[in-house]
Structure formats: C-alpha cells, structure tokens
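Taking the working numbering, the leading residue of the sequence shown gets 153, the next gets one more, and so forth.
Please keep in mind that the hints were generated in silico from the structure rather than gathered at the bench. No experiment lies behind these values; they were computed from the predicted model shown. Heads up, a few of these hints could be off.
[As the list claims (entries may be wrong)] When the alpha-carbon atoms are kept at most 25 angstroms apart in a straight line, the in silico DMTMM-like pairs for lysine to aspartate or glutamate are as follows:
| hint | residue 1 | residue 2 |
| --- | --- | --- |
| 1 | 700 | 795 |
| 2 | 632 | 666 |
| 3 | 1038 | 1119 |
| 4 | 1038 | 933 |
| 5 | 203 | 293 |
| 6 | 706 | 654 |
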Amino acid sequence: MSDTGSEIARRHGTSTPGRRVMFAVMVLSLLCLFISPFFVDVIDRNGPVAKGGVLSYAGWGPLDRPVEMEGGWALTWRGGAGGPPPTQKVVVEVPGRWSNTAPQLPPVGAVSYHLQIRDLPPGRYILHFPAVFAASEIAVDGEVVSRRGRAGLEKATTSYLVRSQDVFLIADGRPIDLRIDQSTFLHRDNGLEAPPLIGLAEPMQNWITLDWIRSLLLLSALLLLACYGGVVFLFRRNDRASLYLALGSVLLAPMIGAFSHDNLIMVALPQLSFLQMLALQYITGTVAVALVLAYTRALFPKESLGPLFWVIMGLYALFVTAYAGLALMGDTFAMSLVSGMALWVRIASFLYMIAVVGFAAVRRRDGAPVFLLGVVVVVATAIYSDLVTNAVIVGVLNGLDLLPLGILVMLFSHLVVLAERWSISMGVAEQRSDDLAQLLDVNSSITAEIRLEALLTRIVEAVSRFIGADRATLFLYDAKTDELWSIAAEGVAGQQIRFPSDGGLAGACFTSGEAINIADAYADPRFNRQVDVATGYRTTSVLTIPVKARDGRKLGVMQALNAKTGKGFTDADIARMNALSAQAAIAIDNAKLFAEVASERNYNESILRSMSAGVVTLDPEAKVAKLNDTACRILGVTREMLEGADARTALAVSNPWFIPEFEAVAASGQPKLLLEAEITTAQGDKVSANMNIVPLMADDAAAGVLVLIDDITDSKRMQGAMRRFMTQKVVDQVMGRGDELLFGAAVPASVLFADIRSFTSLAERLAAREVVEMLNEIFTELFEAVAGHEGVLDKFMGDGLMAVYGAPLPTGQDPLHAVDSAVQMIRMIGVLNVGRPERGLPNLRLGIGITSGEVIAGTIGSPKRMDYTVIGDSVNLAARLQSATKTYGVDIIIDEATAGHVKDIHILRELDTIRVRGREQPVTIFQVLADAAACPGLEAYRRGRAYLAARQWDAAAAAFAEAVALDPGDKSAMLMMERAHALRANPPAESWDGVWSAADAA
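Full structure from sequences and hints, please.
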C-alpha cells in the first residue's frame, strides 16, 4: 500500500502494525489448533529395537499403536560389484542407508534385508513399508507377498516402481521371517531411510487414514494457494506475484505427491516409467522453488537483492537443463546425483527468502510480518524435511509430518494478510470515495464550462474548495513569451499576473515538473514576498502542483495558499490536488480544442462552399448530414430541403437509383465511381455527372457515405478526354485558344508507330500477370519519351503505340521531336534489357516507323465517349514503315519528308525506295543511326545504292558485299546484295524507275 493509503488508514482508525501482527498470530494459532488432531503422533516410539536381525516383542503386549521396526537388521549381498559374499550377513541400521551404516558396502547393488520377528502376540497385523527409490520385494516366511518393480541382480534386469507397500500378517505365536529384497541401480538412494511400521490391523488402518488426511490437507493447501493466486491474477493481470504463487503451487504438487502416504504420481499415472516420474518430480519441483523465489521478489522488490536473485535463478535454470538433458539420455542415476547437489541451492533460496521478507518486515511493509511468520514456519519445516530426505541428518521427529503443517501455516498466513489488506483497503476506499464524490462535483462544475476564461475562474474556485485552502491561483504557460500568466487569481480580481516561467515557487514547480509543498513560505528563498506586500496578504503555507496534459505537455501550475487547518498541506492534499490537476488539464485542453474545432469547422465550411464539385454526406442512418452549395445547384434543391432529411425518401423522388448505389457502398465498405451518370434535378432537368461514392469510417466502424458529384458540361467533358492523351500544358494551350482545333482540322504533323518485336514468343514464356507487368513497364518508358518531346499519345494498340507530333498545335520542330522520341525509346529499351539474359529472359526490341505530312486531326466519338486522333496517308505510311523495320532489320525507319528535317542533326542511311501496299506513290525510306560507328558499312551501302540506280548490278553487288563484310549483322546490306544479284540475273526494263515494290517488305 502507498504511503498515502497508510496515512488514510491511520486517519480512519485502522489498528497499528503491531496489533495486526498479534491478531494474525492469534488467528494462526487457532487455525493450527483446529487442525492439530490430524498431526498428532500416534506412533509408539518406545517399542523394542531389533538386534542382529532379530526383533522380539516378548513382554510387549498387544500392538494397539503403530510401532517402528528400527534397529539392527541383517543384510546379505545379492549382486553388484564390490559387495561381500552372498553367504555373509552384515548388520545395518534401520532407518538409514546401508552405505552410511556399513561403509564397507558399495552404495549400488542388490541386497536382502532380513528380520526375524519373535514373540508377536497372535492376531491380524498390517506391515507398512514407506516408498523407497529402489526396486523392492517383500517375503514373509519365504513367500513373496508384495513387489514394487523388479529387483534384479544388475541394472539391466532392474526396474523401479516407487510406491509404498502394506502387507497383512496373521501371527500365531511362531517366529516370522521377514525378507526385503532391494535393488538400487537406478538412483543414488539405498537402504530403508524410513523404518517400516507394524501394528494390529485396526490401529494401523486408523494411522493410514490419518496419514492420508495429512497428504490431502497438504495438496488441498497447494490447490487453495493456486486458486487464490490464479483468481487474483485473472482480475489483476499486473499482479505477477499472484501468478508466480499460483504456478509455483501447481508445480509443487508432483513433488509433494511423491512424498505422500503413497506416491500419488504413480497412483494417478501408473503408466509412467521411473524415468518419466523422476523427470516430472525433479523438473517441476525445481521450477516451483524458483517461482516461489520470484513470488517473494515480486512482493518486496525493494528489499530483494537483484544480483543474488539472478544468480540463484541462473543456477535453477542450469539444474532444469541438466535434468532435461539427462532425462533424454535416460540416466536416472545421474539425475539423482544432480538433485543432491541442488539441495544446497534450495537451502540458500529459502534463507534468501527469509532475509527478504525479514527485511520487508523491518521496513514495516504491509503484511510483511505475518508473511514472515508463515515463511519462517514453512522454510524451517522444508529445510528439515529436505535434510532428512537426503540423509544429511537423522530425523528426530519421525512419525510427525511437519512439511504439510508448515505449508498450511503459510497458506493461513496469506489469508490473514489478505484480510489485513482488505481491512486497510476498506478504510482507504471509504475516504477515497468521499474524495471522489467531491472530485466529481468539482469536475461537473469545471466541464460545464467550455469558454477558456470562465473555465479558469471555475477551476480556481474548485481548488480552494476541494483542498481546503484560503486562496488559489491557476497559472497557464505562454509559449510565445515564455511566461506564466493568470487572469483567475483569488484576492486579485480583475488583474492579470505575468512573470517569467522560472520565477518564484510557481516557476520552480513548472520548471521541475514536481509538486512543491511549503509549510512556511517566508522561510523559502524562492517565495516572492512582493505579492504579499502589494496585496496586504500574509502567506504561510503554499502547495504548488504542475498541470500536465495526457501527453506530458506542461500547461501551467496550480497553487493553493494557506491551508484552513492551519497545519499546512498534507500528502493527502497533494494527492487530491494532483487528481484535480489532471481534471483541470483535460478541461483546459478541451476548451482549447473546442476553440480549434470551431475554427476548423469554419474553415471546412469555407472549403465546401468554394468546391466546384457537389458534396453530400449521409450518416449511418442514411440521413443527409451535410451538403454544399454546388450539390444544391446540381440537384436543384435548397439546403433546408435536404439537411437532416432521410435520403431514401428525399433523394429517391427524382433519382430512385441513388439509394441502391449508396446502400451497396455502405454495406461493402468499398468506394464506387459512376461515370457520366444521368441525374434528374428537382425541376425535372437532366444533368450528366460523374459520381464518386466513398464510405466514411470512424474508429474502424462505418460512419456513413460521402458522395462527390462532378457536373460534366461539354467543356469539362472535352478537357477530360484531352487529359487522357495530352499533357496538361497542351490542354491548357488548346482550351485557351477556343478555336476548332479539336473538332476537325488539316494540320502538318509527324506520326510515330512503335511495336515490340517478337512479342508473341515473349508472352508465351511468361504468365499472364507477368505479361501485363512487362507491358506496363515498357509503355511507361515509351510514354515518357513521347511526352518529353512535345508529343501526344494517340493510343495503345496491343503491344504497340501511336503518337502524334504537331497536332493539335504545331511546334515547328515536330519531325525532329518525333525522331528524338524514337531515339530515346531505343535507349530506354537498352536500359530495360540490362540483366534480362542473366534472368533467362530474351532482350526486348522495338520497331519504329515515322512519317511527316498533312493529317486530319480531331476529336471523334459519341458525346459520352470521345478520343482525339489523326487520320490520313501519313498515318497509314507510318504504320507500313514500322512493319518494314522487320524486313530491313533496323530499329527506326523514317520517310523522306521527315529525313529532310533531321538530316543535319541525326545520322541517316538511305535504305531503299519502295512502294507500299495501298499507296501508288513511291517513298524513299531512311534508317536513323545512333552514330556512324553503328553502321561500319555506311559508305559502301551508299555506293551500292548509287550503282543500283545506274543499273550497274555487279558493282552494286560488290559494294553491298563489302558492307556485309564490314558488318555481318547488317540485314539491310544483305537484302540489297541479294537484290543486286536478282536484278543481274533478271534485269528490269529500261523504263525501270528504281522503285522496289515492297509487297514483301511491308
């Protein structure tokens, strides 16, 4: 509990810590007294002692109480290395290990314990043999009557079943020969560490029942601890101590169950092997102790020694790892040796826990003294039981199981601690309830005001009333001037106070961000007495609290003067003022936010009014929440007619198709675009508009629908069409002229056709998505080449495109722009080809044809769907030239008109004079070269063309052969050489004009 909580508890009369401890001791004593009958030692510890393997009950009388069969038993060695001959009997002490009472015997082997019971009064008896970590068989008068595991003569023939054994005897006065065969090859334990018990059947059954009750009480205690810790953690997820308590109690159950009257692990899970049982017992027990240690540290973190804690936890982690590794290897004997080494770490852990809780008790931590009492009891009993179990000491309280009693005391101590904390918490809760009621009253008065100046006045009044101060002041921080200021200060009404943000007590509080509580203001040098001098007021006590927003911003400080109690302000007053400060910070932030929202709302309203598109918003109930003036104009309504009306009735009158569209978007959460929708106004007029319906979301939930209505007039429709194939610069120029450029005009222009070579074969190697991605990548680059040289993209055609230069507006350099675009396209394709062969992809190639001449340009289509394009002979010729690039094996072919404009800028090669399909007029075509090096046989090719024109077939063939020799990949030269040979073999008529009919070339 916090110091403030303790202070409130004392103020409300809760008993002192000393009285609470005395009360707890009394309650624990009563509880222990209640359960003490179950822990009474009913075993007769004054029975006869065996000597030399003989136990005589002569003169003893009836065994009406269980008697321990301790003393000197005879032992013979049955098997195992290093033991005496099987015929030799050795006397060993029971209880105890044979390796301890007879050092000459090795700790691992197969033995037989012998005891002759004499003078046992006739009757029906029960022999109880506690569970041992060994294989054992019990024989009475030579007959095996009970067996646990398989007691072989070597490790390979031995198996363990760790459980207790109860044997019924019928005594008739004759001696009884008792033999216990034991094999200890799989565990470090040997011998009988707890003596067998004997008694008449009825007393023994009573003792067995009592022993079972102790075991069940112990397990019940563990389950109660687990349930208590688990329930607390479920309701308080940050309470890790309860989680550690619950998990530790659950994991301790297997260890406790193994040491109950019978091994409850094997009773509940008989299918477990000894290896599995041992791993379960050791690992869960080790983790349980570590969790108890963590539980203690979580309860008292300030008293815990961090480094020592982590060292111990590291050792436990090593032990768990060792157990797991040895279990996987199947080495149970090594696991038992590691358990012996872990004993001292467990003892150190218990001592550490006592030290931590003791230190917390000295510091008077709530519940620590009572917890210490429980810890001391359970740790003492645990250490005692651990030492006896591991044969470090000989038990002096045999027959009295102290560990369950200790854990029960531990549980009861936690119940008392819980009751103690509940009592204190109730007193604290009552006081805090009163404070909360006052705070709610103050908060309601504050939150009722949204205007900042009036709000500050209310906050000041609330401070003095809630804290019980004579006066109060609230100072806000002015970031522009780095000052603290206030217009709401009691006692100085109407005056605004301003001073540096680090001045006086208020400035010190604002700068440090910490509360300042001064009992005598005049004794503090930071206090500014001038204010008292100016106002005639005498300040004694001062409480100053910083006012911070939720995100940590410093808003100012809150100051209370002169506590009305005359004793100064208390820690509880600081807590109250902090709570009020948090409320005030929220209210101040809200007031500022309200002002900002009002300003933002006015700004948004001005945006809506200025928008050229209509805006209509619908709330989740399909009511019209907002619409602007443009929407009113398009729909032919007034704002008053629609705002707040149900759209399903108000809008469905003229446009019933609105409603299904709105509902579909609201239901799916997906926006929808309706192009060129026909809207009927309230007056019956038709308006064509584009509608964009968008779902509104708030906090991941549907908040309605937003409808944007864009009125499509003829000019807007035209601009929309133009923007799809022209740059914004060209659109602005065309629209600015206002002539008939878009509606049909004959203009000089250059036309470019580009096509991806061998696209079909490329596409066959790729998936459909990859084909689309490749086309998008290529066309993006080609479009940039067009737009970057004043071109207009006319259309995409499958794997090609068409571009126009000079329409609708000529530039005077249109042929050059077209050729420059083509050259840039070829370069871009080269960049895209980088790395394609390494990825197993073929290189990309383009074929480009360019012509220049007069074309007819205009916007063609229906009123709702139109495109800008050009038609004419130049368009057809450009398409033919693009196709001819495949025949001549070149990238770019241009016509003679284009060549005339660019011959001084680009290197050209006259390819041929051809007559293309659908055109009687021959055309001379040229190849555009990147540089002269791109065509080594350029001069030879030109000579060959001249020889052809002069009908010198042999010379032409030689010249073209020379060009091929210089560049074997020159397909055009190869074609011309073949043509020269063909003309030589079959010369044309004398009237031949040198034109090649390019039926095959185009």
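How the hints compare with the structure:
Note on residue 700 and residue 795: the hinted pairing is violated, with a Cα-Cα distance of about 41 angstroms set against a maximum of 25 angstroms. Restraint check for residue 632 and residue 666: the C-alpha separation of about 23 angstroms stays at or below 25 angstroms, so the hint holds. This hinted pair checks out: residue 1038 and residue 1119 have alpha carbons roughly 18 angstroms apart, not beyond 25 angstroms. At most 25 angstroms may separate the alpha-carbon atoms for a hinted pair to count; residue 1038 and residue 933 meet this at roughly 22 angstroms.
Restraint check for residue 203 and residue 293: satisfied, since their Cα atoms lie roughly 19 angstroms apart, inside the 25 angstroms limit. A C-alpha spacing of about 13 angstroms is found between residue 706 and residue 654, which places the hinted pair at or below 25 angstroms, so the restraint holds.
The structure is inconsistent with hint 1 alone, although it conforms to all the rest.
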